[in-house]
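Residue numbering for the sequence shown follows my numbering, starting at 2 and increasing by one per position.
One should not assume that every hint holds.
Lysine to any residue pairs mimicking SDA-like chemistry, simulated, CA-CA at most 20 Å apart [stated by the list, open to error]: (1) Lys48 <-> Arg66; (2) Lys80 <-> Arg61; (3) Lys93 <-> Ser83; (4) Lys80 <-> Arg70; (5) Lys48 <-> Ile59; (6) Lys72 <-> Glu62; (7) Lys48 <-> Thr36; (8) Lys72 <-> Arg61; (9) Lys80 <-> Phe69.
By construction, these hints were calculated from the structure, which means they are not laboratory data.
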Amino acid sequence: MLQSSALEVSLPCFFELLLSGLEVHLGDIGLSFVTLRESEDSEGLLKRFQTQMQRSGILRELRNRRFFRSKGEQSRLEKQRSIRRLRRRRTK
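Based on the sequences and whatever the hints tell you, model everything.
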């Protein structure tokens with residue numbers, strides 16, 4: 002039986018550790034983690050992890066940083082998003 006302790010893992014390794022009862026950290030500095038609760042199944046643990054990842058914005062940040070964007074390009078994209086958002090609000 003494995004002891005419950007903090008362990009740094011990458012996202013693919015997370016699925017292997019779901020049933021092990023370990024506290025799982027994601028990232029180099031433990032950006033996001035979930036701890037297996039008593040009488041909790043793996044589906045509940047995975048659901049909590051996914052919602053925590055969504056709320057923290059880690060995956061969005063990774064997608065944004067995948068390729069370098071200059072400040073001008075970033076501001077142009079933000080302006081386009083803002084215009085799209087305003088158009089959607091007007092149509093509702």
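Hint-by-hint comparison with the structure:
1. In summary, the hint linking lysine 48 to arginine 66 is not supported, as the alpha carbons are separated by about 25 Å, beyond the 20 Å threshold.
2. Taking the CA atoms of lysine 80 and arginine 61, the gap is about 18 Å. The hint holds against a cut of 20 Å.
3. The straight-line distance between the Cα atoms of lysine 93 and serine 83 is roughly 16 Å, inside the 20 Å bound, and the hint therefore holds.
4. Straight-line distance between C-alpha atoms of lysine 80 and arginine 70 comes to about 14 Å, which keeps the hinted pair within the 20 Å bound.
5. Proximity of lysine 48 to isoleucine 59 is assessed by CA-CA distance (about 16 Å); at most 20 Å being required, the pair is judged to hold.
6. Taken as a hint, the lysine 72 and glutamate 62 pair is honoured in the structure, with Cα atoms around 16 Å apart against an allowance of 20 Å.
7. A hinted pair counts as satisfied when its Cα atoms are at most 20 Å apart, and lysine 48 with threonine 36 qualifies at roughly 12 Å.
8. Proximity of lysine 72 to arginine 61 is assessed by CA-CA distance (about 18 Å); at most 20 Å being required, the pair is judged to hold.
9. For the suggested pair lysine 80 and phenylalanine 69, the alpha carbons sit about 18 Å apart, so the restraint of at most 20 Å is met.
The structure does not agree with numbered hint 1 stated previously, though it agrees with all others.
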